[in-house]
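Enquirer: My request is simple: use the sequences and hints to build the entire structure.
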Amino acid sequence: GAGVSQSPSNKVTEKGKDVELRCDPISGHTALYWYRQSLGQGLEFLIYFQGNSAPDKSGLPSDRFSAERTGGSVSTLTIQRTQQEDSAVYLCASSFSGEGTQYFGPGTRLLVL
Amino acid sequence: EDQVTQSPEALRLQEGESSSLNCSYTVSGLRGLFWYRQDPGKGPEFLFTLYSAGEEKEKERLKATLTKKESFLHITAPKPEDSATYLCAVQAGGGGADGLTFGKGTHLIIQP
Chain D
1178 GAGVSQSPSN KVTEKGKDVE LRCDPISGHT ALYWYRQSLG QGLEFLIYFQ GNSAPDKSGL
1238 PSDRFSAERT GGSVSTLTIQ RTQQEDSAVY LCASSFSGEG TQYFGPGTRL LVL
Chain S
65 EDQVTQSPEA LRLQEGESSS LNCSYTVSGL RGLFWYRQDP GKGPEFLFTL YSAGEEKEKE
125 RLKATLTKKE SFLHITAPKP EDSATYLCAV QAGGGGADGL TFGKGTHLII QP
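Those sequence lines, one after another, are chains D and S.
Count along the first sequence from 1, add 1177, and you get the number used in this note's numbering.
Count along the second sequence from 1, add 64, and you get the number used in this note's numbering.
Derived from the structure by calculation, the hints contain no laboratory data.
Hints are supplied without guarantee of correctness; some may be wrong.
Some chain D residues well away from chain S (every beta-carbon gap over 10 angstroms; in silico) [stated by the list, open to error]: (1) A1179; (2) P1185; (3) K1188; (4) R1199; (5) D1201; (6) H1206; (7) S1230; (8) E1245; (9) G1248; (10) V1251; (11) R1258; (12) A1265; (13) F1273; (14) L1288; (15) L1290.
Taking lysine-lysine pairs in the DSS-like style, the calculated list, with each CA pair at most 25 angstroms apart, reads [what the hints assert, rightly or not]: (16) S:K123 with S:K168; (17) D:K1234 with S:K168; (18) D:K1188 with S:K106; (19) S:K133 with S:K121; (20) S:K143 with S:K106; (21) S:K123 with S:K143.
Please read these numbers as outputs of a predicted model, since none were measured by experiment.
For every residue, glycine included, the Cβ atom is placed at its ideal position computed from N, Cα and C.
Expert: Here's what the structure looks like:
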C-alpha cells in the first residue's frame, strides 16, 4: 500500500514569509508525528496527533510553529515569519496507534534565504 | 530527560568485514527501541523494533539486540548497498509524549 507522503518535497522561501508543509499518513493510521532534522543534528520531535487532537505540543520550537490535522488524516505544519534557522528537513511519520512503529515520509526540505 | 547516544559517528568497512554499531540510552521506562536506516535525501526506513532486554531480531545481514542500557546493530558480511546512516531511537513509556528520541546516527560506508 501507499506510504506516508509529504509535499512539497522542496521549498525555498524568503525570511519573514509563511510556509505550509503537508503530510498524508498511511491509510488507517490514527497517530501522526512531525519531526525536524537539521544539518548535523539528530531528528527532533515537534508534535504528535492522535486523531485530530494534539496531546503534546511541547516540541514546537516557538509560537511561530503550529500544526493541525483534519478528518483524522492529512496534517499541515505551518511556520509563520520564517527565519534562517528554520532551514531543515521536516519529516512526518504515522503509526497505527500511539504504540509501535512509526513509518516516515520522504520529508520536505525547507530553505529560508 | 531521555537520551540516546550512538557510536561510532562514522564507520568505514571493507565489503564482507563484519562489525557492530552501538546505541546507548537512558529513558524513563522504555516502551520500545527502534532502528532505522536513512539514505541521503530520503526519510528514515524502518528496520527493527525491540521491546525488552534480551530480545533479538534479524533481517538479512542485520541483527539487532537489546539490553537494559544499550542496543547493538550487528552487520554480518556487509555489501556496498548497506552503506547508509543508521539511526537508533527510543520511545518512553509512562503515558508521556509518544514522540521518539533519536540519536545522531552512525554513518556507515562499505567499500567494495
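Enquirer: Are the hints correct? Go through all of them and say.
Expert: Hint check results:
1. Consistency note on A1179 (chain D): stated as away from chain S, and its beta-carbon is indeed over 10 angstroms from all of that chain's, at 14 angstroms minimum.
2. No Cβ of chain S comes within 10 angstroms of the Cβ of P1185 (chain D); the nearest lies about 14 angstroms off, and the non-interface call holds.
3. The non-interface label for K1188 (chain D) is consistent with chain S: the shortest C-beta to C-beta separation is roughly 15 angstroms, beyond 10 angstroms.
4. Against chain S, the non-interface label of R1199 (chain D) holds: every CB pair exceeds 10 angstroms, the least being about 15 angstroms.
5. Every C-beta of chain S lies more than 10 angstroms from that of D1201 (chain D), the closest at about 13 angstroms, which supports listing it as non-interface.
6. Against the 10 angstroms criterion, H1206 (chain D) stays outside the reach of chain S, whose nearest CB is about 13 angstroms from its own CB.
7. With a minimum CB-CB distance of about 13 angstroms to chain S, S1230 (chain D) clears the 10 angstroms threshold, and the non-interface call stands.
8. Non-interface call for E1245 (chain D) relative to chain S: holds, since the shortest CB-CB distance, roughly 17 angstroms, exceeds 10 angstroms.
9. Every Cβ of chain S is farther than 10 angstroms from the Cβ of G1248 (chain D); the closest lies at roughly 20 angstroms, confirming the non-interface assignment.
10. The non-interface label for V1251 (chain D) is consistent with chain S: the shortest C-beta to C-beta separation is roughly 17 angstroms, beyond 10 angstroms.
11. Listed as outside the interface, R1258 (chain D) is consistent with that label: its C-beta sits roughly 25 angstroms from the nearest C-beta of chain S, beyond the 10 angstroms cut-off.
12. Separation of A1265 (chain D) from chain S is adequate, the least Cβ-Cβ distance of about 13 angstroms exceeding the 10 angstroms criterion.
13. Here F1273 (chain D) stays apart from chain S, with its beta-carbon at least about 12 angstroms from theirs, past the 10 angstroms limit.
14. The beta carbon of L1288 (chain D) sits about 14 angstroms from the closest Cβ of chain S, which is more than 10 angstroms, so the claim that it is off the interface holds.
15. Against the 10 angstroms criterion, L1290 (chain D) stays outside the reach of chain S, whose nearest CB is about 20 angstroms from its own CB.
16. Simply put, K123 (chain S) and K168 (chain S) have alpha-carbon atoms about 23 angstroms apart, close enough for the 25 angstroms limit, and the pair holds.
17. Taking the CA atoms of K1234 (chain D) and K168 (chain S), the gap is near 22 angstroms; set against the 25 angstroms cutoff, the hint holds.
18. Between K1188 (chain D) and K106 (chain S) the CA atoms are separated by roughly 15 angstroms; this keeps the pair inside 25 angstroms, and the hint holds.
19. With a C-alpha separation of about 17 angstroms, the suggested pairing of K133 (chain S) with K121 (chain S) holds against the 25 angstroms cut-off.
20. For the suggested pair K143 (chain S) and K106 (chain S), the alpha carbons sit about 20 angstroms apart, so the restraint of at most 25 angstroms is met.
21. Restraint check for K123 (chain S) and K143 (chain S): the C-alpha separation of about 14 angstroms stays at or below 25 angstroms, so the hint holds.
Every hint, counting from the list given before, is met by this structure.
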